[in-house]
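Those sequence lines, one after another, are chains C and A. Quick note: the first sequence uses my numbering, first residue 1, plus one each step. Quick note: the second sequence uses my numbering, first residue 1, plus one each step.
Because the hints were derived from the structure by calculation, they are not lab data. These numbers come from a predicted model, not from an experiment. Please note that a few of the clues may not be correct.
As the list claims (entries may be wrong) - With a straight-line Cα cutoff of 16 Å, these simulated EDC-like cross-link-like pairs (lysine to aspartate or glutamate) come out:
(1) 152(C) to 95(A)
(2) 152(C) to 91(A)
(3) 152(A) to 74(A)
(4) 152(C) to 87(A)
(5) 331(C) to 348(C)
(6) 331(A) to 348(A)
Said to hold, decoys possible - The following residues of chain A were derived to be distant from chain C, with all beta-carbon distances above 12 Å:
(7) 2
(8) 7
(9) 14
(10) 67
(11) 72
(12) 205
(13) 232
(14) 262
(15) 310
(16) 340
Claimed, not checked - Simulated coverage check for chain A against chain C, where a stretch passes if three residues somewhere in it have a Cβ under 8 Å from a Cβ of chain C:
(17) 116–128
(18) 146–152
(19) 156–162
Idealized CB from N, CA, C, for every residue including glycine.
There are 2 protein chains.
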Amino acid sequence: METVHVNLGPRSYDIVLTTADVAGLGPLARNRLSASSLAVVVTDANVAAQGEAVQAALAQSGFRTAAITIPLGEAQKSVDTTCRIYDALAELAADRQTVVVAVGGGVTGDLAGFAAATYNRGLPLLMVPTTLLAMVDSSVGGKVGVNHPRGKNLIGAFHQPAGVWIDTEFLNTLPDREYRSGLAEVVKYGVILDAEFFEYLEAHREPILARDPVALRHIIARSCRLKADVVEEDEREETGLRAMLNYGHTFAHAFETVGGYGAWLHGEAVAAGMVCASRLAEKIPLIEPTITERQIQLLQAFGLPTASQPAWSADALIEVMRRDKKAKAGKLRFILPTRLGRVSLFDDVPESLVREVLATP
Amino acid sequence: METVHVNLGPRSYDIVLTTADVAGLGPLARNRLSASSLAVVVTDANVAAQGEAVQAALAQSGFRTAAITIPLGEAQKSVDTTCRIYDALAELAADRQTVVVAVGGGVTGDLAGFAAATYNRGLPLLMVPTTLLAMVDSSVGGKVGVNHPRGKNLIGAFHQPAGVWIDTEFLNTLPDREYRSGLAEVVKYGVILDAEFFEYLEAHREPILARDPVALRHIIARSCRLKADVVEEDEREETGLRAMLNYGHTFAHAFETVGGYGAWLHGEAVAAGMVCASRLAEKIPLIEPTITERQIQLLQAFGLPTASQPAWSADALIEVMRRDKKAKAGKLRFILPTRLGRVSLFDDVPESLVREVLATP
Chain C
1 METVHVNLGP RSYDIVLTTA DVAGLGPLAR NRLSASSLAV VVTDANVAAQ
51 GEAVQAALAQ SGFRTAAITI PLGEAQKSVD TTCRIYDALA ELAADRQTVV
101 VAVGGGVTGD LAGFAAATYN RGLPLLMVPT TLLAMVDSSV GGKVGVNHPR
151 GKNLIGAFHQ PAGVWIDTEF LNTLPDREYR SGLAEVVKYG VILDAEFFEY
201 LEAHREPILA RDPVALRHII ARSCRLKADV VEEDEREETG LRAMLNYGHT
251 FAHAFETVGG YGAWLHGEAV AAGMVCASRL AEKIPLIEPT ITERQIQLLQ
301 AFGLPTASQP AWSADALIEV MRRDKKAKAG KLRFILPTRL GRVSLFDDVP
351 ESLVREVLAT P
Chain A
1 METVHVNLGP RSYDIVLTTA DVAGLGPLAR NRLSASSLAV VVTDANVAAQ
51 GEAVQAALAQ SGFRTAAITI PLGEAQKSVD TTCRIYDALA ELAADRQTVV
101 VAVGGGVTGD LAGFAAATYN RGLPLLMVPT TLLAMVDSSV GGKVGVNHPR
151 GKNLIGAFHQ PAGVWIDTEF LNTLPDREYR SGLAEVVKYG VILDAEFFEY
201 LEAHREPILA RDPVALRHII ARSCRLKADV VEEDEREETG LRAMLNYGHT
251 FAHAFETVGG YGAWLHGEAV AAGMVCASRL AEKIPLIEPT ITERQIQLLQ
301 AFGLPTASQP AWSADALIEV MRRDKKAKAG KLRFILPTRL GRVSLFDDVP
351 ESLVREVLAT P
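Just chain C, with the same shape it has in the complex (with noise of 0.2 Å):
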């Protein structure tokens, strides 16, 4: 078992990593929460194992618990499901001590923290994640939330959670494609803050890509941590630091929007705009060839795309990323590494350089 230590002070927690141990999930519920009595389990059809699992565990520790089963799929992340859960809670009686434990993906752990973020006032909230990406990403940081018709996210809060619990056997169902995408993310933290990490992801593509329990934690861990690092800095994204986070996103977000959500994973589309981003640094210049190709090298290890595709337009790709959330004024705002292991934050990068970008295979 090892420990992340995530410091914000009163809402300081833990990140507990193990292998095949749902069972530990209990004590740490209990001593981390010792005055709550009911824990409510948030998850969906995909993983009704694991939430059984879990709710065993903390029945186990002396909770009272129950479930609440979300229908799948990103159109779930609504206000809408928020309701069902809000109603949910009022039925089973929930007080301010009741725990929500979201046991799943990336939105089931959006969509059951922001309802915890926001029943009486804020209920503590225990993240289970069972994707590689929700482990290393979504989990960590306290950035809950749903989709409005009119942009990803833009109902949410920062609601840090109490514990979050990672247990890698849960990958070993994950589908192959899911777990390669959660690859993409871990490969960002290396570029973004941490060569070292970077060279050991390249040394051992083949015990990541067989889901070796020791490789498995080891770079969860320090995925966990490095994101940890940046969220101790900038807790509620004031500072500007959080923003390195979303190198390659920008890119991303627009092959998501144009290629539609279903096209590419959201992995895929960081893996393919982290490349971009990286060219785009080589074009400016920030950095040599040389970081852009190890990048494809590694990306490419783990089957994940590297460029745009031919049949999306420049023209809408850059229409989006002129309206993204992070761009002020229209102007095209980018994180581009300037070595291996950082990043800055590159304001007004001239459209030429991106088209030129886009159209590189």
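Assemble the complex: chain C is given as a structure, and chain A must be docked to it using the hints.
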């Protein structure tokens, strides 16, 4: 112009008290929110004139302004109306710097505040309360939220405003009954925290009832300061300290529930609730009858009720009190005075005493 500073570290803000100076809000907002360009005024038809004056003041200081008018009434404090505000904010292309300005009473502040707390993970909020109750209570302390069919304010958040602007002139047009209802919470601060302030209220009944601006600014400033002192110590209702603000409210909640919303205004229910709590303290015994007598005298001078209504069944009232969200395991818990200016929490008060108090005319 007087200022009450609420010290909450990075979430600190000022409550500014003034009379007939709505134009002053513009420079304050500009100074406090230098990065903001758009200000969205949320208001209702009852205070359309004040809303327009606030918009004009903000426009004068360089804000683009827009208004969202919500329908009247407590029934509007819902997730549905919140979604209408989300839609309007999205339509206006609100970004993270867009200021939400709540101009109105408690419903508007709670609702607009909740929308501000959850749109884009938190927009800056200015509170411009137009009722005495909102000035001395709901606009201070950061509680925002909406009702759920199963509970008042069940959905909500803690979201501190960037500033509160109180113009006592807004009270000139407030209906008499609403004004007097607000005085109940003012009296409450004297009883729970400040005997000297209670004596000031006793000595200044006439100027207070005449809405004299000097008296108004004093009683509002002192009430805000006293509430702020409590909020500074227990921002998120975690230590139990903030519970003292609920003096009279366990009874009041029962009166409002059994009487039906609309029978009594909130402040009227609180007035009678405080007298019941004080009588309870006598019976235990914690205090001399004179402390109750002085509250009765003062509240009656302000035209407020000081006992339950005979038509309301004690059984029904007690049942609500046992189900109160502040109750634990069905026990009767009350905030009770131990002397003038001091209260404590008492657990497990005998039901027989509560019945005696409810039967006292």
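Tested hints:
| no. | hint | verdict |
| --- | --- | --- |
| 1 | 152(C) to 95(A) | holds (13 Å) |
| 2 | 152(C) to 91(A) | holds (15 Å) |
| 3 | 152(A) to 74(A) | holds (10 Å) |
| 4 | 152(C) to 87(A) | holds (14 Å) |
| 5 | 331(C) to 348(C) | holds (5 Å) |
| 6 | 331(A) to 348(A) | holds (5 Å) |
| 7 | 2 | holds (30 Å) |
| 8 | 7 | holds (16 Å) |
| 9 | 14 | holds (20 Å) |
| 10 | 67 | holds (19 Å) |
| 11 | 72 | holds (23 Å) |
| 12 | 205 | holds (36 Å) |
| 13 | 232 | holds (15 Å) |
| 14 | 262 | holds (23 Å) |
| 15 | 310 | holds (32 Å) |
| 16 | 340 | holds (31 Å) |
| 17 | 116–128 | holds (count 6) |
| 18 | 146–152 | holds (count 4) |
| 19 | 156–162 | holds (count 3) |
No hint from the list above goes unmet by this structure.
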